[in-house]
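Take the sequence shown: its letters are residues 593 to 1140, numbered as in this note's numbering.
Hints are computed from structural coordinates only; laboratory data are not their basis.
We put the CB at the ideal spot given by N, CA and C, even for glycine.
Accuracy of the hints is not assured; some may be wrong.
Between beta-carbon pairs, the in silico distance windows are [claimed, not checked]:
#1 1018 / 1043: 18 to 28 Å
#2 1137 / 1060: 14 to 24 Å
#3 843 / 882: 36 to 46 Å
#4 1011 / 689: 45 to 55 Å
#5 718 / 1085: 22 to 32 Å
#6 1126 / 1011: 53 to 63 Å
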Amino acid sequence: RYPYNVSVRDAVPGLRGYLQEHGSVFKSRLQGVDSAHLTLKEGQSRRDLLGITLTSRNSRDDKNKVPLCGVPHHAAASYLAKLVNAGYRVAVCEQVEDPKKAKGVVKREVVRVVSPGVVTEDQVLDTRTNRYLAGICKKERWGLAFLDISTGEFLLAERQDEAAALDELARMAPSELLTAEDNADNEIIEGLSALLPDLCLTRRRDSLFVHDLARETLLDHFQVVNLAGFGCEGMRSAICAAGALLAYIQETQKANCAHIERLRVIELDDILILDDATRRNLELSQTIVGGRRDGSLLATLDLTKTPMGARLLKSNLLFPLQSQSTINRRLKTVEFLFGASPRNLEIGAAANEPDPILLRQEFRELLADVYDLERLNSRIVLGSANARDLTALKTSLALMPRLRELALQSRGLLNEQAQDLDDLRDLHDLLEKTIRDDAPVSLREGKLIKKGYDRELDELASIMTDGKQHILALEEQERQRTGISKLKIGYNRVFGYFLEVSRAQQANVPENYIRKQTLVNAERFITPELKEFENKVMGAEEKRLELE
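Work out the full structure: start from the sequences and follow the hints.
As structure tokens, then:
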């Protein structure tokens, strides 16, 4: 039995499948058809959170009312944001078979799960802050892993004692923590809950945290024979945490996560260790009173022009360098961009060397028009991008060649990184040729591809908008070909499109005409060409969406 005394046996088919497979796992459900629904107890408790009206659905025997609430599917993202920000998990369900071919109820499946630490929707994310899913595993040492699925950043670390592990978790401030069911880390979780009261805790089966399985998960994803190239082959505890995280992502997203390209170890030797109390007292990223970003050092320094730059600046503040040579390399690049003129920076500078002030100004002007490439890339790889994302990518890539030129004219780190930077002209050109500027936001609506890119798409679009002109043109073509001046093309629901010829003209009917219907004063025929046109008209919109 389930909430409200609705049994699996008595439930309607769609609800029965939900109860059988996910009734005890997922807090909420979105049904990706024409509306989104929250069922059972969730409908009762979430209506106030979402501000929507509670309705009901009868079970099979019509005795028990099943409460639910719904919103239009196209508006589901904003409601999903409210649920996730309140700490709930949402199972997104969609149709997985063609309704025209379905026998009985159309098959639906959970296609992904959205949770506080596993989300790519802009409505949920803060553009200037990473949103981490963390994993923790206690073996000989404390193993930690952090993954931001919205950017592909994947970090791992090991710490010797609980205090150091707790401090690392507090610094990264994950939105969700993945841990094993064996309760070995309960004490650290209690301590972390005090520091991060909104943290969502997710417990997973212990087998995901077994070293050999976790390592194999990582090797399979990165397509490598060992983890030595990432510098973590011997970090057994961290591997357990990272492998469990990746397995969780693969299980909940059911999509290719190719944007997660590498693992990076958080090395203590490279950074200055600041404990939580020091970070808070210095108000590096938030104020002591109220925990606000405004008023912190980060807010004062953050004049970045892109979301990627804002996130990088925050990371640099929380992970300050302690290597003198690395610090000096960074400072020399900054010094160049803020110099009064080239000759003031270095005696004997070339007369034609670009003015760094002008370089910096143009850099900032261009970067202001660059969208969040990391998160755009993630949504595209995960299959959740829309037409607006593709347009944003095209706009951003158009600026890359000039940005690379400016970087090559600079000194230090900028120049070094620009040497091997691919400006992706070929990808921009492809997007420029294909994506319409006025494309609808949803890819399901079609009208995404520009006219002239694909002949078949153009023909289908023309059929959808100019079907009558096609018929008149074909009618005139057949009149000229057969010499039958009164030939006409008609349509009815029973026979579809047909060519109608009077009995007096039957002698002029070509051999390729196929008789379809005999009337008192006329005969109706079809031809392979007309039948092909009929099929195109009937399925033009569906075929266009499929091709796009």
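Going down the list of hints, with the structure as the test:
1. 1018 / 1043: 18 to 28 Å: holds (22 Å)
2. 1137 / 1060: 14 to 24 Å: holds (22 Å)
3. 843 / 882: 36 to 46 Å: This hint holds: roughly 38 Å between Cβ atoms.
4. 1011 / 689: 45 to 55 Å: holds (50 Å)
5. 718 / 1085: 22 to 32 Å: violated (54 Å)
6. 1126 / 1011: 53 to 63 Å: holds (59 Å)
Of the hints listed earlier, the one the structure fails to meet is number 5.
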